[in-house]
Amino acid sequence: MSSNLYDFSTLTSSIHEWLSGFMSAGWVVFTELVLIGLLFLLFFALLGLFLVYLERKVCAIMQNRVGPNRVGKWGLLQTIADLIKLLIKELIPIRKSDKFLFNLAPFIVIIASLMAMAALPFAKGLQAIDFNIGVFYIMAVSSLGVVGILLAGWASNSKYSIIGAMRSGAQIVSYELSVGLSLMAIVIFSGSMQLSTIIESQANGWWIFKGHIPAFIAFVVFLVASTAEINRGPFDLAEAESELTAGFHTEYSGIKFAFFFLAEYINMFIVAALAATIFLGGWMPFHIGSWEGFNHIMDFVPPIVWFFLKTFFIIYIIMWFKWTFPRLRIDQLLTLEWKYLLPISLVNIVFIAFLVLMGWHF
Amino acid sequence: MSEEIIKDVIIGENEEYIINMGPQHPSTHGVLRFEVCLQGETVKYLIPHIGYIHRGIEKMCEAITYPQIIHLTDRMDYLSAHINNEAVCLCVENALQIEVPERVKYIRTILAELNRIASHQLWWSAFGMDLGALTTFFYGLRDREKILDIFEESFGSRLLHSFIMPGGLMHDVHPNFQKRIKEFIAYFRKKLPEYDQLLTGNIIFQNRSKGIGLMSRETAIAYGVTGPSGRGSGWSCDIRKIAPYSAYDKVQFNEMLETEGDTFARYKVRMREMWESMNILEQLVDNIPEGDYTAKMKPIIKLPVGEYFQRVETARGELAVYIVSDGNKTPYRIKFRTPNFSNLFVMNKITSGYKIADLVAVSGSLDLVIPDIDR
Chain S
-11 MSSNLYDFST LTSSIHEWLS GFMSAGWVVF TELVLIGLLF LLFFALLGLF LVYLERKVCA
49 IMQNRVGPNR VGKWGLLQTI ADLIKLLIKE LIPIRKSDKF LFNLAPFIVI IASLMAMAAL
109 PFAKGLQAID FNIGVFYIMA VSSLGVVGIL LAGWASNSKY SIIGAMRSGA QIVSYELSVG
169 LSLMAIVIFS GSMQLSTIIE SQANGWWIFK GHIPAFIAFV VFLVASTAEI NRGPFDLAEA
229 ESELTAGFHT EYSGIKFAFF FLAEYINMFI VAALAATIFL GGWMPFHIGS WEGFNHIMDF
289 VPPIVWFFLK TFFIIYIIMW FKWTFPRLRI DQLLTLEWKY LLPISLVNIV FIAFLVLMGW
349 HF
Chain C
453 MSEEIIKDVI IGENEEYIIN MGPQHPSTHG VLRFEVCLQG ETVKYLIPHI GYIHRGIEKM
513 CEAITYPQII HLTDRMDYLS AHINNEAVCL CVENALQIEV PERVKYIRTI LAELNRIASH
573 QLWWSAFGMD LGALTTFFYG LRDREKILDI FEESFGSRLL HSFIMPGGLM HDVHPNFQKR
633 IKEFIAYFRK KLPEYDQLLT GNIIFQNRSK GIGLMSRETA IAYGVTGPSG RGSGWSCDIR
693 KIAPYSAYDK VQFNEMLETE GDTFARYKVR MREMWESMNI LEQLVDNIPE GDYTAKMKPI
753 IKLPVGEYFQ RVETARGELA VYIVSDGNKT PYRIKFRTPN FSNLFVMNKI TSGYKIADLV
813 AVSGSLDLVI PDIDR
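Sequences listed follow chains S and C, in order.
Our numbering puts the first residue of the first sequence at -11, with every later residue one more than the last.
Our numbering puts the first residue of the second sequence at 453, with every later residue one more than the last.
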């Protein structure tokens, strides 16, 4: 009953019918695309601002500080002030840089993260496109960002930038494997790559609980590997401010820098949302076995709240990593992937396939 | 366009890649420049370029009187300001053959040890930052603040004190001095284990620092690497033990030695020195004798003709002061043997062959203070 109450598909289909009432089919699709695009851009900007604020507050908690608290109530307007500063800042042209690629790079990075956002299920029926290869699609587009980072490093014509970009290239290409394999673990469990189906399969329990230890291993591998994939500490070698000053975006200023900055935070959100969707049941409420009363109360919390709770929980963990761990060295980073995470995920996936074949999971 | 970029970026036939770390770079802790030759990520060799903050302190000293020189020594190793002051004062007192009151000796030793703890706290903070653990900075500075408060209460200044004068102290310490130090020791004994929890035990940190920047005992002696950096290589070079000055002959303490000679060994030496400094403080703080805060001094200090030498152990190593006097109120020539100058030049020897990230870790573990190098 209550899950129908919060079903967004009734709302979306009523909008669709209302639009169809006075438009031809082609125009309806066009209008919907524009609407969704605008909504995403708005969400993107607000999310970016909020995540930067959140990071600064979380970091402050970790470091015995108060964090931003001057602009607006609890410093809530601080990031908006920062954004305005970035917008009106001069874009410094770099002599001897490859102008076209230099300007193109931030857009590639940000478009890659925008595209990944399209397939995320925020709540029941609140999903722009429900691909039957949703997991695969997100994996594919989120790895496009590395092209932008490599271009940024190359086109800047700066020594620090190119070291940062090369590190980032090696890192993302390697860790992509572990991310993919750990997601594949749950794809085997649920038997589908469609994100909505994966979520439906968790109605009676999240995969991290249902999937025994292998699912938990896959979750941990995913968390580590995806932190590396989005270039965040302790794997932020591409930026490594104590070694490379700012890595691949050393030469960028103003709004172009803001694009990299924003893309980093949006990528963090995407990774966290993916982890929440695949391992923690997405927008499914938290249920415990046969506690009917408890489950019923949980059902009253809207799915979108569940989704964001889980996502921000993962985001908090990723931030916690960043502010407490030292940075790895490039060879240690690659060792961790190729000698530990990849073999573990490979064995894990074979084990899961075996579990599923024998029907030993819930 | 892209061919031009390749030519600009890659220099030399063997695909050597020369980058300048500094003079404005987050990991050099000041205006120091390393000309680093890289092959891929591996450091082939490194040339330190110094002098960006050269102020000619030694030359300036030739024109000013001895009490005025004190104020310039603060500006060398600003993190061991008390100890630098003490070095010149001891040298002048030895030349004049003045016996300073016991109270002065005790207070000077306490100040030196407090200064050493404060310096090591800041080193720990910055070292963590070099390795990418940004939270250490705030932990270290939080505790350093307590020491600076003690300093502020007694001398009114927090960083550059110029409190120790030839013959004694500038004035007596604040009545709260002993109480505040005891409070600090109780506080810091609880907080120091947090440092280990946050950084020392971390597996990433250990992997980053163990076996990196290996410096043998022979290398340390050959390059004159003193202080905790030298003791991390097993070289017993603590001036407090070898040639005790002030009240160091009245306290029981151990010289911290590690034999591995890597970055982690230097780290451990400094961490243990903080504990040991607290032990020294505890032995001294309750036993400060009553008495004058200064010996009787002539209004104008003139050193007899001759050469005078004094060395002390700062937080970074051996600081030696060499004064040549021609009997005037200003020195004929003064020379400071600063620890960081010697410690810096071992960098090339101990970083070649390691990765660029290790270079940052090693330079952090040597705990360089750039104004002390350039003087």
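If you're looking for bench data, these hints aren't it; they were derived computationally from the structure.
Check each hint, because a few of them may be wrong.
Listed next, the in silico DSSO-like pairs over lysine-lysine satisfying Cα-Cα at most 27 angstroms (straight line) [what the hints assert, rightly or not]:
(1) S:K61 / S:K77
(2) S:K61 / S:K84
(3) C:K750 / C:K801
(4) C:K702 / C:K662
(5) S:K45 / C:K598
(6) C:K662 / C:K720
(7) C:K511 / C:K702
(8) C:K631 / S:K45
(9) C:K702 / C:K496
(10) S:K147 / C:K787
(11) C:K702 / C:K634
(12) C:K702 / C:K807
(13) S:K327 / C:K693
(14) S:K87 / S:K73
(15) C:K787 / C:K754
(16) C:K801 / C:K781
(17) S:K147 / C:K720
(18) C:K720 / C:K787
(19) C:K693 / C:K807
(20) S:K147 / C:K801
(21) C:K662 / S:K327
Label pairs and their in silico Cβ distance ranges [what the hints assert, rightly or not]:
(22) S:V338 / C:F705: 40 to 50 angstroms
(23) C:E468 / S:L79: 24 to 34 angstroms
(24) S:W62 / C:R669: 39 to 49 angstroms
(25) S:L79 / C:N472: 33 to 43 angstroms
All residues carry an ideal CB built from backbone N, CA and C; glycine is no exception.
Cross-check of the supplied hints:
1. S:K61 / S:K77: With a Cα-Cα distance of about 25 angstroms, the restraint between S:K61 and S:K77 holds, given a limit of 27 angstroms.
2. S:K61 / S:K84: Violated: S:K61 and S:K84 sit about 45 angstroms apart, past 27 angstroms.
3. C:K750 / C:K801: violated (49 angstroms)
4. C:K702 / C:K662: violated (36 angstroms)
5. S:K45 / C:K598: Holds, because 25 angstroms separates the two Cα atoms, which is no more than 27 angstroms.
6. C:K662 / C:K720: Satisfied, since the Cα-Cα distance of roughly 11 angstroms is no more than 27 angstroms.
7. C:K511 / C:K702: Distance ~36 angstroms between C:K511 and C:K702 Cα, so the pair is violated.
8. C:K631 / S:K45: Answer violated: C:K631 to S:K45 is near 36 angstroms, above 27 angstroms.
9. C:K702 / C:K496: Violated - the C-alpha atoms of C:K496 and C:K702 are around 48 angstroms apart, more than 27 angstroms.
10. S:K147 / C:K787: violated (40 angstroms)
11. C:K702 / C:K634: Roughly 19 angstroms between the alpha carbons, so the hint for C:K702 and C:K634 holds.
12. C:K702 / C:K807: violated (45 angstroms)
13. S:K327 / C:K693: violated (48 angstroms)
14. S:K87 / S:K73: Holds. S:K87 to S:K73 sits at ~24 angstroms (cutoff 27 angstroms).
15. C:K787 / C:K754: holds (18 angstroms)
16. C:K801 / C:K781: Distance ~43 angstroms between C:K801 and C:K781 Cα, so the pair is violated.
17. S:K147 / C:K720: With a Cα-Cα distance of about 34 angstroms, the restraint between S:K147 and C:K720 is violated, given a limit of 27 angstroms.
18. C:K720 / C:K787: Status violated; Cα separation ~32 angstroms.
19. C:K693 / C:K807: This hinted pair is violated, its Cα atoms lying about 36 angstroms apart.
20. S:K147 / C:K801: Given pair S:K147, C:K801 holds - Cα atoms ~24 angstroms apart, limit 27 angstroms.
21. C:K662 / S:K327: Holds - the C-alpha atoms of S:K327 and C:K662 are around 20 angstroms apart, at most 27 angstroms.
22. S:V338 / C:F705: 40 to 50 angstroms: violated (59 angstroms)
23. C:E468 / S:L79: 24 to 34 angstroms: holds (33 angstroms)
24. S:W62 / C:R669: 39 to 49 angstroms: violated (55 angstroms)
25. S:L79 / C:N472: 33 to 43 angstroms: violated (25 angstroms)
In summary, the numbered hints that this structure violates are 2, 3, 4, 7, 8, 9, 10, 12, 13, 16, 17, 18, 19, 22, 24 and 25.
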